[in-house]
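There are 2 protein chains.
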Amino acid sequence: MGREGTDFLQLHRRAAPRGGLTAWLVAEVRGAVAEGRLAAGAVLPPTRTLAQDLGVSRGVVVEAYRRLADEGLVVSRVGAGTVVVGSVTGPPPAPVVAPAATGPLLPARTPAGVDVDLSPGVPDLAAFPRAAWLRAERAVLATAGAADLGYGDPRGSARLRTELAARLARTRGLRVDAGQVVVVSGVAQSLALVAQVLRARGAATVAMEDPGSRGARDQLAHWGLEVLPVPVDDDGLRVAELAATPARAAVLTPAHQFPTGVVLAPHRRRELLAWARAADGLVVEDDYDAEHRYDRAPVPALQASAPEHVVHTGSTSKTLAPGMRLGWLVPPPALHADLVAAKHASDLGSPVLPQLVLAELLAGGAHDRHLRLVRTRQRARRDAVVAALARHLPSARVEGAAAGLHLLVTFPDGGPDDVELAARAREAGVLVHPLSWHRRLPGPPGLVLGYAAHTPDRLTEAVARLGRAVGGARLGRVLAAPGG
Amino acid sequence: MGREGTDFLQLHRRAAPRGGLTAWLVAEVRGAVAEGRLAAGAVLPPTRTLAQDLGVSRGVVVEAYRRLADEGLVVSRVGAGTVVVGSVTGPPPAPVVAPAATGPLLPARTPAGVDVDLSPGVPDLAAFPRAAWLRAERAVLATAGAADLGYGDPRGSARLRTELAARLARTRGLRVDAGQVVVVSGVAQSLALVAQVLRARGAATVAMEDPGSRGARDQLAHWGLEVLPVPVDDDGLRVAELAATPARAAVLTPAHQFPTGVVLAPHRRRELLAWARAADGLVVEDDYDAEHRYDRAPVPALQASAPEHVVHTGSTSKTLAPGMRLGWLVPPPALHADLVAAKHASDLGSPVLPQLVLAELLAGGAHDRHLRLVRTRQRARRDAVVAALARHLPSARVEGAAAGLHLLVTFPDGGPDDVELAARAREAGVLVHPLSWHRRLPGPPGLVLGYAAHTPDRLTEAVARLGRAVGGARLGRVLAAPGG
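Listed in order, the protein sequences are those of chains S and C.
Read in the numbering used here, the first sequence has 301 at position 301, and its numbers run on one by one without any break.
Read in the numbering used here, the second sequence has 450 at position 450, and its numbers run on one by one without any break.
Keep in mind the hints are simulated off the structure, nothing from the lab.
Stretch by stretch, here's where chain C covers chain S in the computed footprint (C-beta under 8 Å, at least three residues):
no.	region
1	136 to 142
2	217 to 224
3	323 to 329
4	347 to 360
All residues carry an ideal CB built from backbone N, CA and C; glycine is no exception.
Here chain S stands alone, though its shape is the one from the complex:
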């Protein structure tokens, strides 16, 4: 692949629309990558050359390349021009098995023979805003003071905490100032710190939604808490059953329950907060993917209604990438000092440069632009999965599709064990989580499907394979029934 201008793209200026030249050019390049005309490693023409060839202003091409870079399709290498790195249709280079929500102790790599990984909990990593990140890092390195690089405040950079407090107030309704925010290494660390402090205060148990994140459950157990399952129905956590447990702390995902996708209903919110006040209890609000809501604005965070009883936590794992290990924790005042001490004793504080870069992305609007981009894309992916499920798995019930990066498929009329279903899907090259991994109480079988990392075409094809695998399993069960 040379730099011969527009030939490689088969672009013709006369094919361009009168307005929206940038969007047209972005779509053309994206299409060329999707169809394989542009492979990873291909070098795009210099902006000046392409602009001349097309008879457009150079700014149009510069902006188009920037958008493509923000999508993760291309990168600009110093001295080497703009190079294709992403692939629109193919799988990511070496997909990982996604730990659910906050990361269970599951294998971290996709097993051999799997070519579509639908594990929940991972965003579209190819969309990571590499160019925006690098621009922000450059700005940070140009402006940070030497003292910013020293042993810092264990709560994290004041600049990031200020940005986070403002954002959480605006988008999630939190009542918080920067002094209360603690920067952490993701929700996983929040749960670890909270568990440590609860244990130190004598707690032996913690309640958790069931089904709920396997990763969160394993982690709370690691820190010495007995995890008591509380059932979830279509209105979210059943608070009466929580109140019947000895636990005085509960971990839940009110805005978008993992993995069922239900929203905690208003009457349940009231019951939950009444429980917390009466029992002097603590609610740990894992706000893991509230940013990704397709139907309406997300419900305000629980913390806004009872800051004395709620630990609010979230991260960039679902908006940027889990590898960032960057999140926030907003505890009640009574727990603040103990949690900061626990953070200090764990690692003295989180690394400073990524904190300052995130602050820059939030302040400059690049984070919001990225969210808008991925939200639109994920919605199309969600629609493709839902349509394919209606066609290839018509007996399944689809839940939790209004938000997030995954949905839940259940089989209300029963069916084979979901671990068996997942095993059959895996034989067909499609990796999904059986619902039973994420639950301990009995319930109908189900499959958790993460769709954020794949194109609509690929998702449609994967669901077709899944349908055949599940259909085969159900048929096998019917045939086997008389004898077994």
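Model the placement of chain C on the given structure of chain S, informed by the hints.
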């Protein structure tokens, strides 16, 4: 400050040496900053302009600017040219009180009224290699795969572990492969993880050098271990006294004891390893500043002699900056799985981008270039402090000056309480750590002086003030003696 070429520097080509034009130009700019002719915010001339004015090739200027950027004196801002940000003479913008070695629970900010902060444990943050870091980050963002950004291996990035294993083998003599290395958030996290695993295995006590890092001691105590002090003499830890304690694990700094600066003597190394083998004990080797040795190559790490009984740990806090929160842990095989599980339960793993950037800096040689640069500079600073101490505090004994970023001053003929000495120094605007902060066993008073962050002139002036403060205290004591 405009961009008027060489006027601002009062540079003349005829003053330049025949060879070494780049070094000459670097020195001239550095001098202009040191003398205040170039203030922070000043814009350097474009490379082309300056090259023309001086009659040198543009490459000379480009390289000079790059070296100045690597020193942290200037940054290149897109669209704004090359801007002075560092200050050779002044204090860093807002110095922090340096937690010693691995960070004690001390105030993180310099108190009001202090204008020379000689707290130990912080490198010259103005020298952070911003330009090299940004170049490496650009390379990482251009080449990392999408899967690199997902939930990763809790041990850390394979690329970084490979670089670290090679480097530790080469520079510290470790017997290690990449699979054994665990990337952590600094030595502080290593101590936290080791303490957790020891506690889970039933240990109640851990031995530690005395004097030793206050930060390490506080941290081990946080995780529930009783810390038993073992005295240090001129040969390092007194192993016979370690063997007399019930502890079967000991934390020490063999290559450069903190804060005395002594090296663990060969006979003591043998005794320590014999103790570990006989007691099935564990030695935690905190290799916190082995990179900074001025007299000879550092002694090989203890781990090389007994990988079954030594946890080796180090970090970038003393070579790059403490704010990186990036280090490594090389445990014995028998502890490896438990430590990785503890790391996973703490935060799932360290943030990936800084890991990949460090791997790039190590692989490309930029890290070594940076180390050579700061080592030369620190040596000059060390020499200035030692000379000033001989002049202004002739009765003091200077220890541990052959390596590291700090030295210890003791008063063998006794003297006032070192907390009182430090308080007097602070009244004179000079912050030092009293030795007694870092010890629990009795011993002569002393002061720990970190010198890495200040220029020789400033250090000389600070030691003069220190001498007056200490002299006043000693005189006060003599005068008060008859009555008290």
